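K.L.:
Here is what each chain is made of, one letter per residue.
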Amino acid sequence: GENVEQHPSTLSVQEGDSAVIKCTYSDSASNYFPWYKQELGKGPQLIIDIRSNVGEKKDQRIAVTLNKTAKHFSLHITETQPEDSAVYFCAAMETSGSRLTFGEGTQLTVNP
Amino acid sequence: EPEVTQTPSHQVTQMGQEVILRCVPISNHLYFYWYRQILGQKVEFLVSFYNNEISEKSEIFDDQFSVERPDGSNFTLKIRSTKLEDSAMYFCASSEQGGYNSPLHFGNGTRLTVT
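First to last, the sequence lines map onto chains A and B. Number 30 in the numbering used here belongs to position 30 of the first sequence; there are no gaps in the numbering. Number 160 in the numbering used here belongs to position 48 of the second sequence; there are no gaps in the numbering.
Think of the hints as simulated: they come from the structure by calculation, not from any bench. Misleading hints may appear alongside valid ones.
What the hints assert, rightly or not - Quick list of simulated restraints, FRET-style, between CB atoms:
{"no.": "1", "chain 1": "A", "residue 1": "Gly41", "chain 2": "B", "residue 2": "Gln126", "range": "21 to 27 Å"}
{"no.": "2", "chain 1": "B", "residue 1": "Thr119", "chain 2": "A", "residue 2": "Pro8", "range": "33 to 39 Å"}
{"no.": "3", "chain 1": "B", "residue 1": "Val136", "chain 2": "A", "residue 2": "Asn111", "range": "34 to 40 Å"}
{"no.": "4", "chain 1": "A", "residue 1": "Glu15", "chain 2": "B", "residue 2": "Glu180", "range": "45 to 51 Å"}
As the list claims (entries may be wrong) - To be clear about the criterion: a stretch of chain B counts as covered by chain A if any three or more of its residues have a C-beta under 8 Å from a C-beta of chain A, and this derived list gives those stretches:
{"no.": "5", "segment": "156 to 168"}
{"no.": "6", "segment": "176 to 183"}
What the hints assert, rightly or not - In silico contact screen, one side only, chain A against chain B (beta carbon under 10 Å); selected entries:
{"no.": "7", "residue": "Asn31"}
{"no.": "8", "residue": "Gln38"}
{"no.": "9", "residue": "Gly41"}
{"no.": "10", "residue": "Phe102"}
If you're wondering where the values come from, they're calculated on a predicted model, not measured in any experiment. A virtual CB, placed ideally from N, CA and C, is assigned to each residue, including glycine.
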């Protein structure tokens, strides 16, 4: 089955800096890669996703890149703000399946 | 914005007891899911449900687990005889279409504590 690895497990940045979180996956059949933000006491909230026919996608301060050959994808947050502090999860899903396989999560702390 | 709602937010039960976790998915969604997150670990898939039947289930989803859509709005997860290792956060999710074609929306979870 699919295995998703995520790095780093913790990331601390200064407000205004950029943050990058990286994930690798094992199943070449995976074609959908969402990123979720989880705040304390809440469920995962989708912030951006990418499908395998696209190499990069951007939404304001958030961008995701995908390298299918290397089987890795990354989340980039620019101009970080304290409210970006949360746990971020990457995930992967194959086209024919219905299960998301999550990475271990990254605790992002943005220091004012 | 429509939300997935879960009740209760926290459930404490004794080992061996049955529990039912409840979820109200977003109203026009057709696909429903349960995931769990043991404290400090990754979110794990349990089961997906469509058209009143299970689409896919993980190795975790053994005979102690069952899901049901008893009416047009609720989606439940039942654990027949809880074990200590069932203690976790359980998340319900729903999507308009199959997961690849539309994003999953998660509820805020039910924290299950088995003593």
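K.L.:
Compare the structure with each hint and give your call.
P.N.:
Results for each hint:
1. A:Gly41 x B:Gln126: 21 to 27 Å: Between Gly41 (chain A) and Gln126 (chain B), where Cβ atoms are some 25 Å apart, the hint holds.
2. B:Thr119 x A:Pro8: 33 to 39 Å: Since the Cβ atoms of Thr119 (chain B) and Pro8 (chain A) sit about 35 Å apart, the hinted range of 33 to 39 Å holds.
3. B:Val136 x A:Asn111: 34 to 40 Å: 38 Å, holds
4. A:Glu15 x B:Glu180: 45 to 51 Å: 47 Å, holds
5. 156 to 168: holds (count 6)
6. 176 to 183: violated (count 0)
7. Asn31: Hint holds; Asn31 (chain A) Cβ to chain B Cβ min 7 Å, cut 10 Å.
8. Gln38: Holds, about 8 Å.
9. Gly41: 7 Å, holds
10. Phe102: Result: holds, 4 Å to nearest chain B Cβ.
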